[in-house]
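Engineer: Below are the chains, spelled out letter by letter.
Number of protein chains: 2
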Amino acid sequence: MSKFIFQVDKSNFSEWYSKIISTAEIADVRYGIAGFIVIRPWGMYIVKELYRLFEAELEKRGHQPSLFPTVIPEENLEVEKEHVTGFKPEVFWVTEAGEEKLERRLALRPTSETAMYPMYKLWIQGRRDLPLKLYQSCSVFRYEKTPRPFIKGREFLWIEAHDAFATLEEAERQVLEDMETTRSVLYEKLGVPIMAFQRPEWDKFPGAVHTYAHDVLMPDGRVCQVASTHLLGQNFSKAFNILFLDEDGQRKHVYQTCYGIGISRMVAALISIHGDSGGLILPFPVAPIQVVIVPIPGEETARVLEKCRQLEQQLREAGFRVYLDEAPERTPGYKYYYWEMKGVPVRIEVGKQEVESKVLTLARRDTREKIKVEEEKLVEAIRELAEDMLRSLKARGEASLKSRIRDASSFSELKQYLEEGGYVRAGFCSTGWEGEACAAKIQEETRGRVRGFRIDIEEEPEGSCIVCGKPAKHVVYIARQY
Amino acid sequence: MSKFIFQVDKSNFSEWYSKIISTAEIADVRYGIAGFIVIRPWGMYIVKELYRLFEAELEKRGHQPSLFPTVIPEENLEVEKEHVTGFKPEVFWVTEAGEEKLERRLALRPTSETAMYPMYKLWIQGRRDLPLKLYQSCSVFRYEKTPRPFIKGREFLWIEAHDAFATLEEAERQVLEDMETTRSVLYEKLGVPIMAFQRPEWDKFPGAVHTYAHDVLMPDGRVCQVASTHLLGQNFSKAFNILFLDEDGQRKHVYQTCYGIGISRMVAALISIHGDSGGLILPFPVAPIQVVIVPIPGEETARVLEKCRQLEQQLREAGFRVYLDEAPERTPGYKYYYWEMKGVPVRIEVGKQEVESKVLTLARRDTREKIKVEEEKLVEAIRELAEDMLRSLKARGEASLKSRIRDASSFSELKQYLEEGGYVRAGFCSTGWEGEACAAKIQEETRGRVRGFRIDIEEEPEGSCIVCGKPAKHVVYIARQY
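Top line first, the protein sequences correspond to chains U and W.
So in this note's numbering, the last spot in the first sequence is 639, and the numbers never skip.
So in this note's numbering, the last spot in the second sequence is 639, and the numbers never skip.
No wet-lab data here; the hints were simulated from the structure.
Be aware that a few hints might be false.
A pair holds if it fits inside one copy or across any two, identical chains being indistinguishable in the list.
[As the list claims (entries may be wrong)] Straight-line C-alpha distance at most 30 Å; calculated DSS-like pairs for lysine-lysine: (1) K205 - K551; (2) K176 - K205; (3) K515 - K527; (4) K258 - K176; (5) K309 - K278; (6) K217 - K238; (7) K529 - K238; (8) K559 - K278; (9) K559 - K534; (10) K302 - K278; (11) K258 - K302; (12) K598 - K302; (13) K395 - K302; (14) K534 - K217; (15) K217 - K598; (16) K238 - K176; (17) K302 - K534; (18) K217 - K346.
Hey, can you work out the whole structure from these sequences and the hints?
Structural biologist: If you want it as structure tokens, here you go:
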């Protein structure tokens with residue numbers, strides 16, 4: 158048995174990513190249909206915790222759970238023109254059942270606007286029915302050309318929240334709330350550095366007035382959109398006839414927003430951002446096992462094991478997900494490497510010395526530091542460690558992100574920086590339709606995509622558009638994407 | 158506004174059932190594709206709690222979560238002969254994507270044996286990989302001829318657990334464990350009376366050696382299978398080549414079980430068994446709101462509301478799902494009826510008198526009794542109420558079930574009893590294949606189905622088969638089913 162369970166240089170990100178997914182048993186890509194993967198227990202626990210965190214956050218902010226069918230009648234999909242143009246090329250179609258050919262094709266939902274809004278029309282009558290804020294946790298299906306596990310699946314997991322309001326102002330506030338929901342979990346609780354953009358006109362959600370999104374800059378220098386929220390205005394309510402009787406006696410179209418939380422992509426982001434050459438590094442809230450206890454055999458094995466069981470019990474009662482790795486056929490060294498590869502944030506080593514001194518040895522996964530902790534202060538020490546690890550993951554992530562944002566002042570600089578990976582910041586003529594030609598030129602010649610301008614800070618453009626030389630209206634961020 | 162938000166005689170069960178689903182906003186059947194329903198928040202909270210309860214129970218018993226794709230390649234489905242014969246007539250097929258026709262058809266999973274077992278073949282190598290106990294929570298799709306909300310959906314929610322073992326004995330123990338899992342949640346925690354049967358040969362899961370199932374007797378006298386577990390033996394491991402290297406150096410086929418927990422059907426059972434003419438009665442563990450506080454306006458409204466908020470806070474901290482219904486435009490009377498219809502187990506009424514006397518008025522949903530409780534004993538009193546309601550729901554359910562089991566000693570009695578609804582207990586020649594003709598005769602002439610024999614108690618058959626007159630080998634239960 159080799160010393161290292163996993164040892165892959167992360168600078169070869171593509172190799173690292175597929176190896177850690179397989180070695181840590183997060184998923185299996187050998188299902189036999191391209192773009193469809195099997196999520197294994199270690200991955201599924203992470204998925205479940207992500208769902209739990211986001212669902213709690215959504216409910217705290219007034220959303221309620223619901224579940225709409227997986228299939229959508231073709232005629233629903235046709236109702237909103239931009240929407241159908243955007244999604245139809247990616248739709249999987251159910252056309253037969255048993256021995257019968259169905260009278261009409263049913264789409265596997267690529268997103269659920271067209272499943273939900275005909276029902277919103279029925280449910281919304283008066284002002285009292287508003288706001289209506291529903292979410293559903295489900296998988297969606299898109300016929301992607303180049304699938305990649307968790308990053309681009311033909312079936313992937315997400316949460317979609319669909320809200321309806323009496324006024325535009327409420328809808329505008331909602332998209333900001335959604336952005337805050339993404340940030341409060343993905344960055345605040347899980348330490349994944351993200352950036353918030355308003356997307357250019359040509360990169361909006363099909364049918365939206367505005368699209369806002371969070372991107373994660375992956376280790377290979379490409380970006381991955383992990384969540385997006387869309388101000389739909391009255392585009393869909395007019396197409397689907399969703400009206401309410403206002404207090405002034407008038408029937409009016411509601412204002413809508415929709416919000417997609419990419420659970421699968423967040424798994425990819427979490428793994429990729431935090432992991433190192435030894436494997437996963439999982440932040441406490443999503444770690445399937447938060448603390449692993451490894452007994453050191455030798456003299457006094459019985460007493461050591463008794464102590465281990467006692468600690469296990471104590472930590473479980475304190476609310477931690479804890480595992481005691483008793484397996485006698487494996488050495489402590491093997492167990493250290495194994496659980497490091499799995500990303501377990503804290504390990505406790507217990508041998509004769511620890512039992513006698515009542516001072517335990519803790520190892521934290523992120524820095525691999527070992528810390529001595531008095532037994533009676535264990536629970537407190539682990540709580541502090543959890544917080545400190547989160548702080549340190551955040552700091553590391555932020556620093557790495559910052560170092561990969563560079564300002565370009567010429568097209569050739571832009572091209573070179575994109576080749577090297579990361580964001581390039583530049584002046585740009587317009588994120589309205591009139592800027593599309595410049596964006597197309599960037600994409601064609603550099604494979605870079607204009608991600609939009611930041612909404613969390615205001616950046617005053619100076620000088621001229623990096624492509625056409627007209628006066629710059631926005632500071633945009635450009636990056637290659639998955 | 159009418160006094161009654163809901164008042165439907167439950168003896169007309171079919172009307173009661175569809176009205177309560179709509180009035181309590183559990184689901185909406187107007188989605189536009191027969192057999193596909195929309196689950197609304199009040200229903201979805203119940204669904205989520207059911208999932209939470211069963212997932213916790215499965216994990217406690219060594220199962221781990223996983224998630225397999227929604228689509229299954231047609232050739233996988235063909236591997237096990239009985240299985241494909243049983244399920245293929247019910248399969249929905251995906252045949253197109255975007256503008257392309259797929260090279261092979263993909264089934265929407267009707268159940269996931271054929272999605273999972275090719276992976277089990279890859280994962281299981283040695284004895285150390287066993288037992289493998291995985292579950293997934295998902296929806297499945299079956300082209301049912303006569304769909305009915307939650308009872309028979311073309312898309313329905315369930316959990317499926319698939320286990321593999323080195324020995325037959327372990328697999329046999331597993332099906333008993335599964336039966337206990339069903340009972341420990343559905344009966345012990347939620348008070349739904351169930352009966353456990355071993356199904357006759359002709360009513361087994363396609364590909365199984367034995368099938369065991371729990372049925373619920375619905376108010377209209379028909380039964381509904383809510384969960385079933387199957388001893389698969391080596392039928393599937395031989396078809397899918399799932400082998401392990403045993404300690405004796407031999408490669409052997411694993412023994413398998415699979416277990417389906419019908420979440421959608423349990424929603425139907427819960428609603429139907431416990432509800433009354435005033436609406437839902439929800440047991441505490443699945444009630445979206447467990448305690449509703451209704452302020453009585455009048456003098457001292459400010460003090461009353463302050464007290465209500467304080468109680469709300471206190472109960473929330475004690476871990477209850479609590480709601481304070483402040484809406485000023487609705488009368489307390491309306492609120493009482495409304496929350497009774499919704500099935501909220503406990504209501505607290507707070508007026509000036511309650512504030513001054515520090516004695517609160519509690520109303521329990523099941524018996525509609527009102528109880529006086531000293532304010533300082535509130536939390537304790539609600540905990541006791543929760544237990545007492547469960548005891549009382551169980552007792553009521555058990556009594557009702559018992560009263561609807563009757564012994565038939567002739568075919569004409571059998572026919573008459575089935576017409577009146579409920580179970581008929583009778584001697585039967587054989588639940589092996591040789592009894593199929595007798596079962597077919599029963600079905601043809603009475604629409605009754607032989608549910609099998611009980612496995613929780615031993616019932617010694619006396620006399621002869623109710624159909625053919627040969628010596629009875631089993632006491633079977635016969636009922637009409639959904």
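Engineer: Work down the list of hints and note, for each, if the structure agrees.
Structural biologist: Verification of the hints:
1. Within a single copy, K205 and K551 get their C-alpha atoms as close as 22 Å, which meets the 30 Å cut-off; across copies the closest is 32 Å, which misses it.
2. Proximity of K176 and K205 under a CA criterion of 30 Å is satisfied intra-copy only: 22 Å inside one chain copy versus 34 Å between copies.
3. For a Cα distance limit of 30 Å, the shortest separation of K515 from K527 inside one copy, 16 Å, qualifies, whereas the shortest one across copies, 56 Å, does not.
4. With identical chains, the CA atoms of K258 and K176 are never at most 30 Å apart, being 42 Å at best within one copy and 33 Å at best between copies.
5. In this assembly of identical chains, K309 and K278 lie within 30 Å of each other by CA distance solely across copies; the values are 26 Å between and 32 Å within a copy.
6. For the homomeric pair K217 and K238, neither the shortest alpha-carbon distance inside one copy (34 Å) nor that between copies (50 Å) is at most 30 Å.
7. Within a single copy, K529 and K238 get their C-alpha atoms no closer than 64 Å, and across copies no closer than 61 Å, so neither meets the 30 Å cut-off.
8. When the C-alpha separation of K559 and K278 is checked against a cutoff of 30 Å, the pair qualifies neither within a copy, at 46 Å, nor between copies, at 46 Å.
9. For a Cα distance limit of 30 Å, the shortest separation of K559 from K534 qualifies neither inside one copy, at 37 Å, nor across copies, at 56 Å.
10. For a Cα distance limit of 30 Å, the shortest separation of K302 from K278 across copies, 29 Å, qualifies, whereas the shortest one inside one copy, 35 Å, does not.
11. Taking CA atoms no more than 30 Å apart as the test, K258 paired with K302 passes in both settings, with 27 Å inside one copy and 15 Å between copies.
12. For a Cα distance limit of 30 Å, the shortest separation of K598 from K302 inside one copy, 22 Å, qualifies, whereas the shortest one across copies, 55 Å, does not.
13. Taking the shortest Cα distances, K395 and K302 never come within 30 Å of each other, neither inside one copy (33 Å) nor across copies (36 Å).
14. Taking the closest pair of Cα atoms, K534 and K217 come within 30 Å of each other only across two copies (29 Å); inside a single copy the shortest separation is 33 Å, beyond that limit.
15. In the homo-oligomer, the alpha carbons of K217 and K598 never lie at most 30 Å apart, since the shortest distance is 44 Å inside one protomer and 57 Å across protomers.
16. For a Cα distance limit of 30 Å, the shortest separation of K238 from K176 qualifies neither inside one copy, at 42 Å, nor across copies, at 36 Å.
17. In the homo-oligomer, the alpha carbons of K302 and K534 never lie at most 30 Å apart, since the shortest distance is 54 Å inside one protomer and 63 Å across protomers.
18. In this assembly of identical chains, the alpha carbons of K217 and K346 lie at most 30 Å apart whether taken from the same copy (16 Å) or from different copies (27 Å).
In this structure, the earlier hints numbered 4, 6, 7, 8, 9, 13, 15, 16, 17 are contradicted, and the remaining ones agree with it.
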